[in-house]
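Whenever a hint applies, use it, and build me the whole structure from the sequences.
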Amino acid sequence: MTTYLLRGAAPLGGDATDVLLADGHVAAMGADARAEGDTVEVDAAGLVLLPGLVDLHTHLREPGREDAETVASGTRAAAAGGFTAVHAMANTSPVADTAGVVEQVWRLGRDAGWVDVFPVGAVSVGLAGSQLAELGAMAHSAARVRVFSDDGHCVHDPVLMRRALEYVKAFDGVIAQHAQEPRLTVGAQMHEGVVSAEVGLAGWPAVAEEAIIARDVLLAEHVGSRLHICHLSTAGSVEIVRWAKARGIAVTAEVTPHHLLLTDELARTYDPLYKVNPPLRTAEDVEALRGALEDGTIDVVATDHAPHTREDKDCEWAAAAFGMTGLETALPIVISTMVQTGRMTWADVARVLSTAPARIGRVDSGPAAQGRPIAVGEPANLTLVDPAARWSVEPRELLSASTNTPYGGRELSGRVVATFLRGRATVLDGAPVEHAEVAR
Amino acid sequence: MTGLRHLLSAADLDRPTAVTVLDTAAQMAATQSREIKKLPTLRGRTVVNLFFEDSTRTRISFEAAAKRLSADVINFSAKGSSVSKGESLKDTALTLQAMGADAVVIRHHASGAPHRLAHAGWVDAAVVNAGDGTHQHPTQALLDAFTLRRHLAGDADNADGVGRDLTGRHVAIVGDVLHSRVARSNVQLLTTLGARVTLVAPPTLVPVGVEAWPCAVSYDLDGVIADQQPDAVMMLRVQRERMGGADGGGSRTTSFFPSPLEYTRTFGLDARRLRMLPDHAIVMHPGPMNRGLEISADAADSERAVIVEQVANGVAVRMAVLYLLLAGEREAWS
Numbered sequence: 000m001t002t003y004l005l006r007g008a009a010p011l012g013g014d015a016t017d018v019l020l021a022d023g024h025v026a027a028m029g030a031d032a033r034a035e036g037d038t039v040e041v042d043a044a045g046l047v048l049l050p051g052l053v054d055l056h057t058h059l060r061e062p063g064r065e066d067a068e069t070v071a072s073g074t075r076a077a078a079a080g081g082f083t084a085v086h087a088m089a090n091t092s093p094v095a096d097t098a099g100v101v102e103q104v105w106r107l108g109r110d111a112g113w114v115d116v117f118p119v120g121a122v123s124v125g126l127a128g129s130q131l132a133e134l135g136a137m138a139h140s141a142a143r144v145r146v147f148s149d150d151g152h153c154v155h156d157p158v159l160m161r162r163a164l165e166y167v168k169a170f171d172g173v174i175a176q177h178a179q180e181p182r183l184t185v186g187a188q189m190h191e192g193v194v195s196a197e198v199g200l201a202g203w204p205a206v207a208e209e210a211i212i213a214r215d216v217l218l219a220e221h222v223g224s225r226l227h228i229c230h231l232s233t234a235g236s237v238e239i240v241r242w243a244k245a246r247g248i249a250v251t252a253e254v255t256p257h258h259l260l261l262t263d264e265l266a267r268t269y270d271p272l273y274k275v276n277p278p279l280r281t282a283e284d285v286e287a288l289r290g291a292l293e294d295g296t297i298d299v300v301a302t303d304h305a306p307h308t309r310e311d312k313d314c315e316w317a318a319a320a321f322g323m324t325g326l327e328t329a330l331p332i333v334i335s336t337m338v339q340t341g342r343m344t345w346a347d348v349a350r351v352l353s354t355a356p357a358r359i360g361r362v363d364s365g366p367a368a369q370g371r372p373i374a375v376g377e378p379a380n381l382t383l384v385d386p387a388a389r390w391s392v393e394p395r396e397l398l399s400a401s402t403n404t405p406y407g408g409r410e411l412s413g414r415v416v417a418t419f420l421r422g423r424a425t426v427l428d429g430a431p432v433e434h435a436e437v438a439r
Numbered sequence: 000m001t002g003l004r005h006l007l008s009a010a011d012l013d014r015p016t017a018v019t020v021l022d023t024a025a026q027m028a029a030t031q032s033r034e035i036k037k038l039p040t041l042r043g044r045t046v047v048n049l050f051f052e053d054s055t056r057t058r059i060s061f062e063a064a065a066k067r068l069s070a071d072v073i074n075f076s077a078k079g080s081s082v083s084k085g086e087s088l089k090d091t092a093l094t095l096q097a098m099g100a101d102a103v104v105i106r107h108h109a110s111g112a113p114h115r116l117a118h119a120g121w122v123d124a125a126v127v128n129a130g131d132g133t134h135q136h137p138t139q140a141l142l143d144a145f146t147l148r149r150h151l152a153g154d155a156d157n158a159d160g161v162g163r164d165l166t167g168r169h170v171a172i173v174g175d176v177l178h179s180r181v182a183r184s185n186v187q188l189l190t191t192l193g194a195r196v197t198l199v200a201p202p203t204l205v206p207v208g209v210e211a212w213p214c215a216v217s218y219d220l221d222g223v224i225a226d227q228q229p230d231a232v233m234m235l236r237v238q239r240e241r242m243g244g245a246d247g248g249g250s251r252t253t254s255f256f257p258s259p260l261e262y263t264r265t266f267g268l269d270a271r272r273l274r275m276l277p278d279h280a281i282v283m284h285p286g287p288m289n290r291g292l293e294i295s296a297d298a299a300d301s302e303r304a305v306i307v308e309q310v311a312n313g314v315a316v317r318m319a320v321l322y323l324l325l326a327g328e329r330e331a332w333s
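Protein sequences, first through last, are from chains A and B.
For the first sequence, position 335 matches number 334 in numbering that gives the first Met the number 0, and the numbering has no gaps at all.
For the second sequence, position 7 matches number 6 in numbering that gives the first Met the number 0, and the numbering has no gaps at all.
Hints in this document: simulated from the structure, not taken from any laboratory.
Please note that a few of the clues may not be correct.
Far from chain B, by Cβ distances over 12 Å, these chain A residues were calculated [as the list claims (entries may be wrong)]:
no.	residue
1	Q188
2	V198
3	G223
4	D294
5	M343
Pairs of lysine to aspartate or glutamate, EDC-like flavour, derived with a Cα cap of 16 Å [stated by the list, open to error]:
no.	chain 1	residue 1	chain 2	residue 2
6	A	K244	A	E220
7	B	K89	A	D270
8	A	K312	B	D90
Here the structure is a predicted model, which means the values were calculated and not measured.
C-beta: ideal position from N, C-alpha, C; glycine also.
This is the structure:
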């Protein structure tokens, strides 16, 4: 296996040092890190070294919608975005609600080899919200599922939610709730407010998210379970999670990069690239989300990478699918919204994009652990970032099989230069390292 | 000239442009009392009526307008959409482009569909919004403004109020504001023309976010009529599906008000409320009416009702819009 010597990298933006990667681990740092025979040296001067990013919320679309994304194409895009692990959501076709399907996705990920793929199991059979899926079978399968979610659908039945929260305690699982009260959002198209009133798109009230979160933190407290809130999008949701954490409830929360940047004003274009679930909210909500990520109320940034085919977006707004891609733009958006604004350090970036999501997903221990500190002896899951690089987003040049990024034509700050999965380069010089080139 | 490329929203019109459209409509209306109503202005141009939603009255109004300007008219009834696995809006648009349409008049159930047609790069034609979802219906607002101006700003020497706007006039728009593209278009256009607008509706039929609109909101029709003496009352149609029961898709809908009877008592225009209006006030309705629900027969058939005139003015206003979008600087009727 190739060994790599990263020359002059700055771990978490700190003092520059040399880092030697060998046999899948961080073998040495500082003066001890020396090139041996066939060591590949990487000039990392001016680059920030982060633990490999871990996404808690990715849609890889396989099985079922391979026209939008496959495990191979999505994980290759993930590696290019600096990720070494993704959690693959369960709303595939067939739904990932059995041990068979989660093992299939897990094997596809292992064979693709770009990142670790951790399948998320469905909470209910067929995401239908009526009967618990075989959570235990998925937990004890080769895929070792710990995160369960009906994402795309809300587990709206309070009894089913209670049972799910209780049941996963047996294997230290977590329920990741897509908080959307269904009756309050029938036909909803965008955030309900000043803009929806004017453009005439059916409103999606903030309370439809907040009411479910309020209910679920109380349920989690009552049964003493872990609860994770997917893609928090409103200022009111932040207040509820803040209250719940102060009360000692075991709740964690995520925010997407797009909810840290974009607002409902974009719906005025009627361009379905900006149609997403939960919808883009107001500038006040964006500010509240940034504040909550800064103060730790929100634990992680997760992409909710949701690839869709062109025909699902090249149409009128109401007919379009919800969702936007995000794996390759997540880190630059976090850098511009949180680091360049002085609200977060690189250590914070490592926490919200690696350590915390790995901890919530319970993939932070064992020989293949993710989200570990950058230290000698740890698995070499690492990302090198050029924080000064500026690049313009060209949707067709991104590696996702779909082009539904909302950032086309935008200039972003920060570019992934290299990604290492257990010491193997998946990205070098900003380009994916195809398998034929890899000495495995 | 107006410089307009498309007419997608009443917000596309500033006051001088709106007055120009109304003045042009007045000239068009004058030609319609001649024995020969047809003008040669758009000879050789093709206007497509692209209707994704049934609306016989709006379609024939645009069709009459285009034909009286000598345009070739193609009626394209595109029932269904990409939602129901029919042809997509994009493919329909590419077809029209290949046929050489100069203007596309589009009616669509999805808000923003005309905006997509105009701006997605699918067609070169001028796009006229003939009603999109719960968003806009700008030619309806123009014909309403034309009707209002004639009655409230016209006089013996200038029956159509040519050159004038609606400064100082007060219009009450009553009913289902939440789902109404007519209300949205009129709030924008009438205030652009200097009028004051008060929306009157049960709170369930007023959109969240209405506070940003340039108008007042009241839940009290009697109070607005008695205390503010509006110059015009515009009654909006109440859709049957807003009243609860099955929505056709099999799912439950929850009604926006307790019963049709309570709605009529509280927000219907009946003989009693008609008598409370000032003598000069007019009664408007975009049609089709639900007689006995939002408007009683007494009000609909009264002398101050201008509902049939609105229909006639619709043709003149749509002639003016097609002329201004397609004919450029050329004189139409010398």
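Do the hints match the structure? See the list:
{"no.": "1", "hint": "Q188", "in the structure": "8 Å, violated"}
{"no.": "2", "hint": "V198", "in the structure": "6 Å, violated"}
{"no.": "3", "hint": "G223", "in the structure": "35 Å, holds"}
{"no.": "4", "hint": "D294", "in the structure": "29 Å, holds"}
{"no.": "5", "hint": "M343", "in the structure": "33 Å, holds"}
{"no.": "6", "hint": "K244/A to E220/A", "in the structure": "10 Å, holds"}
{"no.": "7", "hint": "K89/B to D270/A", "in the structure": "13 Å, holds"}
{"no.": "8", "hint": "K312/A to D90/B", "in the structure": "14 Å, holds"}
Going through the hint list in order, the structure does not satisfy hints 1, 2.
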